[in-house]
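Chains as they are written, first to last, in my numbering: chain A, 1 to 435; chain B, 1 to 212; chain C, 1 to 310.
Honestly, the hints are just simulated from the structure, not real lab data.
Take the hints with a grain of salt, since some may be wrong.
Residues from chain B that keep clear of chain C, each with C-beta distances beyond 10 Å, as calculated [unchecked claim]:
#  : residue
1  : Ile16
2  : Gly21
3  : Ser29
4  : Phe35
5  : Ala43
6  : Ala59
7  : Ala65
8  : Val96
9  : Ser109
10 : Asp127
11 : Arg134
Facing chain A, according to a computed beta carbon distance under 8 Å, are these residues of chain C, among others [as the list claims (entries may be wrong)]:
#  : residue
12 : Arg173
13 : Leu179
14 : Arg180
15 : Pro182
16 : Ser206
17 : Leu277
18 : Thr281
List time: in silico BS3-like cross-link candidates among lysine-lysine, alpha-carbon distance up to 30 Å [as the list claims (entries may be wrong)]:
#  : chain 1 : residue 1 : chain 2 : residue 2
19 : A       : Lys206    : A       : Lys290
20 : C       : Lys284    : A       : Lys334
21 : C       : Lys36     : A       : Lys283
22 : A       : Lys23     : A       : Lys40
23 : A       : Lys206    : B       : Lys201
24 : A       : Lys40     : C       : Lys36
25 : C       : Lys284    : A       : Lys117
26 : A       : Lys371    : A       : Lys393
27 : C       : Lys284    : A       : Lys294
28 : C       : Lys36     : A       : Lys123
29 : A       : Lys348    : C       : Lys284
30 : A       : Lys113    : A       : Lys206
31 : A       : Lys206    : A       : Lys283
32 : C       : Lys284    : A       : Lys206
33 : C       : Lys284    : A       : Lys113
Here a beta-carbon is modelled for each residue, glycine too, at the ideal position from N, C-alpha and C.
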Amino acid sequence: MAVSLWQRLAARASVPVFVASGKDEPDEIQDMLWQTGRIKLVFTPRHASLLVVTGQIPVEQSQSLAIIHDQLPHPRATLWCGGQPCFEFIAAKRAPSPQTLVASAEDLPQRIKETQKQLLSGKRQSEPDLNPDRPPAPWQGKGDHGQGGEGMMGGKPYGRPMAMMEADLRDGLMLDALEFSVGPFYHGLPAGLMASVSLQGDVILKWQVESPPFPTALPSVFVRALHQDTPLADLEIWRVRVHLQRLARMMALDGLDCAAVRTLRLAGPLPCITQAGLGALQKQVGSLEKHLRKRGFFALGAGIGELDAQQANLMGGYVGRACGMQEDARSTSKPYQALGFTVSCQDKGDVQSRRLQLFAEVHQAIALAAKAGREEVMLTHEEIETPVGRLTKRQAPKDHSEMLQSLLPGMEWREALMTLASLPVAGATREGGWQ
Amino acid sequence: MVGIWTDITFYLCAAIAVFSGWRVFRTDSMVRASFLLLISFLAVGVIMLLLAAVYLGTALFFMMAVEMMVMALFMVMFMMNPAGLNPMNMVHQPWVAALLGFAVFTGLSLVAVYGEFPANPAPADLDPVRSLGRELLGDSMLVFESAGIALLATMIGTVVLSSHRGRYGPANEGSEPPGLDPGGPPAKSAAQKQQQREEQKEQEEDKQDHDQ
Amino acid sequence: MILNELLLPIFVVLITLILGAGVVDYLHHATSALGKQMSLRRSLNPLAPLYRLGLALSQQSVITEHPDRLNLRLAPALYFALAALGLAVVPWSADFIPADLVTGMVLWGAVEVLATVVIFLCGWSANAHLPLLGAYRYVSLGLSYMLVSMFVLIGVALPAESLQLSAVVESQREIWNVLRQPMGLPLFLIVGLGLTFWGPLDFASSPDLDRGISADQSGASRLVWQLARYAMLVAFSFMAATVFLGGWLGPWLPGPLWLVLKATLVLLILLWMGHNLPVMTPDKFISVAWVLLLPLSFVDLIWAGALALW
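If we strip away everything but chain A, and leave its shape as in the complex, we get:
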């Protein structure tokens, strides 16, 4: 096949990539790709030319992944990083496509660019569909006008029932509801979270969790501090990183791509923030916060996703503190007390106060890290305050996706996603599994 002019030009464009995150996969890889030049992370598989699967995809979700795979326009390819390919289950009978396993995350950007070049120059075949291309429910037209039923409506012409009216939660007006399911790779939700949703316009009527999000891997430094002496500065630096990454995701959801990438830059790639750089980081985070405040990033979250005391208590961690609870495992530990640690709080439990709380904790953690680094403070404690909640020897931060079923209905879609992004919904595992 001759390579057309377009393909030659296309080979020099940024590579659009859709990332599907699997189990035990900290979002490091996604964050790294985000900052890499000539690679563009896209929100929907339709806009991508490469599918990058990070971490291991459980067998139950491989069918969903296959659907995502088939949504990519040709020419397309899949790269597997940090997990085994799982398409054999589906496409056993079809011609096997070349499988690209990427051993380490550092190689990934390079491999992505190479694969795209091969695809466009025709050296690599585009991957065929895994599922047969036919409508999930075939046409069953009947009735005078093919409407699929008697009278004006009814029946299931395309396997989708005509919706029936449901009362609006807000003012009781009877309108149609739209039912569909999202996840497990929807970019606005935590990886692995699958839910069936009933929407009326923008308002969520029902949010049923089909499968909980994949547990996120807790940085090993927090687990180590349970058992042995660990530099306190390391703990706090990791807190800065995880919080900044969470904030970056919120910014991306608000369409603030530039600020999001700048935030990720601050969080830095692994062997990340150094002791010497803490002073500069403090200043940069301060100016970032000012930049965002002026542009309404915080004010946007006002009054959205308010948690009541019980829910905030259940979540704990920074969510509880954003709700005004003075609870922090750090306040019970001697080394922290010696450093002059005080619990900082916000008073409302909405998205705005969670955003403010995250920034306040980042500032505090940088100051603590700098001080602890100078004095070389070590820490062992049976209760560790991780960035996603409290960790003890017996218990890791728990999964909170059940709470969404009562929290989200009544919210508009956008507000619901903003709320979701501001909460640590997924439970935690130690790197490489909890047990």
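With chain A's structure known, arrange chains B and C on it following the hints.
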């Protein structure tokens, strides 16, 4: 030269208006029907431009666009899934409609053919936009302005009523309509009435079962 | 005669829109890359829009299940046609006006409203959830800024005592409308953001809906939609430059050049807003639109009326 082009444009637009008007009744989707109607109106708007009604013709474009858009919006609201893409029957009582349509058509045609129209040619230097403006803001100003302000107030009122703050207090806290008598129990919504009826029915059935 | 009166205007409008769309694409990505502090050489590469064009054309254009094919194909073309219609009434100099309509302002109002219809059609005809939600949300919010647009444009027509755009430009010979009616341009820019669903008012293709109406487009079909959207941004910039920044008026340089410069300025402001302001939540936007923007546009109109009488 210009005359021929005007004629061609007129016949083209007239054909489009009639054709899309006919398709409104033959299509199988509400959204398509409302936008076909829009096309029909747009073609009429162009004909009005040809008739030197410059302002009215252009205003017709955006008025009809808003109207049809709002109509389609309500349809999606009431038929979110699958938003009118599932085919459905779009006509009611087609025979009555056909008879009425034929009667109106005959009446209008008779007026057009046999009616005597006044021969009152407009002066060549007439500026239609300016004269329309003089009419609207001259003698008829009070009427038009009060109608305009009333409409705007209605729009703002509707938005206030339907906003998050809700009809009877914050909307997301579950709203209750006011009582029928002052201080009386809240009036029931249709959904609640339905629920109550079903509960009564169940109770009666239970009773019957019990009696048997 | 036909060449000068018919073909030249059409040619100028189309070339402006297509070249303009390329410039928008370039500026959009370049400013975004600069904001992300990417490498300078790559982010300022003037050939980058061509690379993206190549990528879009070498990708498959996926069709969703049972779409309304006619409208799916037609929507981008219509959106582009509306941009062309809007640009056609903009005067380039005292004697070159592609379509000097007496009711140019009203026509622009019609373009804004018809754009809503077309954007809705684009999302609706895909027969998929996310595009439908984007389209639905866009329309239900679009009507809120449409009123603001009307009042602002009436305010501009008052000093000109005409709905004709050449008269509006002529009325700015002494002082530009941006100074005469200080609230006009900011309000009109908000309308522009809504019209092109850009930046803070990107309700139709917002990130929380996985890009909404564009969520199921790929390859060439996404390209034409993108092209039409950029073209609309260009048309809007020209319109804003004409009604508020004095259009082609200006010393030393030829008129058309002034117009292009001013339009580029408006464009840059819009792009800056797109990169720096968060997408509003629908609920907050409704409040802002009706409680803040609409009264402000009244004040603007009263101000303009008082000045015109005085």
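Results for each hint:
{"no.": "1", "hint": "Ile16", "verdict": "holds (15 Å)"}
{"no.": "2", "hint": "Gly21", "verdict": "holds (18 Å)"}
{"no.": "3", "hint": "Ser29", "verdict": "violated (8 Å)"}
{"no.": "4", "hint": "Phe35", "verdict": "violated (7 Å)"}
{"no.": "5", "hint": "Ala43", "verdict": "holds (14 Å)"}
{"no.": "6", "hint": "Ala59", "verdict": "violated (6 Å)"}
{"no.": "7", "hint": "Ala65", "verdict": "violated (4 Å)"}
{"no.": "8", "hint": "Val96", "verdict": "holds (30 Å)"}
{"no.": "9", "hint": "Ser109", "verdict": "holds (31 Å)"}
{"no.": "10", "hint": "Asp127", "verdict": "violated (8 Å)"}
{"no.": "11", "hint": "Arg134", "verdict": "holds (12 Å)"}
{"no.": "12", "hint": "Arg173", "verdict": "violated (37 Å)"}
{"no.": "13", "hint": "Leu179", "verdict": "violated (26 Å)"}
{"no.": "14", "hint": "Arg180", "verdict": "violated (29 Å)"}
{"no.": "15", "hint": "Pro182", "verdict": "violated (21 Å)"}
{"no.": "16", "hint": "Ser206", "verdict": "holds (7 Å)"}
{"no.": "17", "hint": "Leu277", "verdict": "holds (6 Å)"}
{"no.": "18", "hint": "Thr281", "verdict": "holds (5 Å)"}
{"no.": "19", "hint": "Lys206/A <-> Lys290/A", "verdict": "violated (37 Å)"}
{"no.": "20", "hint": "Lys284/C <-> Lys334/A", "verdict": "violated (45 Å)"}
{"no.": "21", "hint": "Lys36/C <-> Lys283/A", "verdict": "holds (18 Å)"}
{"no.": "22", "hint": "Lys23/A <-> Lys40/A", "verdict": "holds (23 Å)"}
{"no.": "23", "hint": "Lys206/A <-> Lys201/B", "verdict": "holds (27 Å)"}
{"no.": "24", "hint": "Lys40/A <-> Lys36/C", "verdict": "holds (12 Å)"}
{"no.": "25", "hint": "Lys284/C <-> Lys117/A", "verdict": "violated (45 Å)"}
{"no.": "26", "hint": "Lys371/A <-> Lys393/A", "verdict": "holds (27 Å)"}
{"no.": "27", "hint": "Lys284/C <-> Lys294/A", "verdict": "holds (17 Å)"}
{"no.": "28", "hint": "Lys36/C <-> Lys123/A", "verdict": "violated (33 Å)"}
{"no.": "29", "hint": "Lys348/A <-> Lys284/C", "verdict": "holds (18 Å)"}
{"no.": "30", "hint": "Lys113/A <-> Lys206/A", "verdict": "violated (42 Å)"}
{"no.": "31", "hint": "Lys206/A <-> Lys283/A", "verdict": "violated (44 Å)"}
{"no.": "32", "hint": "Lys284/C <-> Lys206/A", "verdict": "holds (23 Å)"}
{"no.": "33", "hint": "Lys284/C <-> Lys113/A", "verdict": "violated (41 Å)"}
In terms of the numbered hints stated before, the structure departs from hints 3, 4, 6, 7, 10, 12, 13, 14, 15, 19, 20, 25, 28, 30, 31 and 33, listed from lowest to highest.
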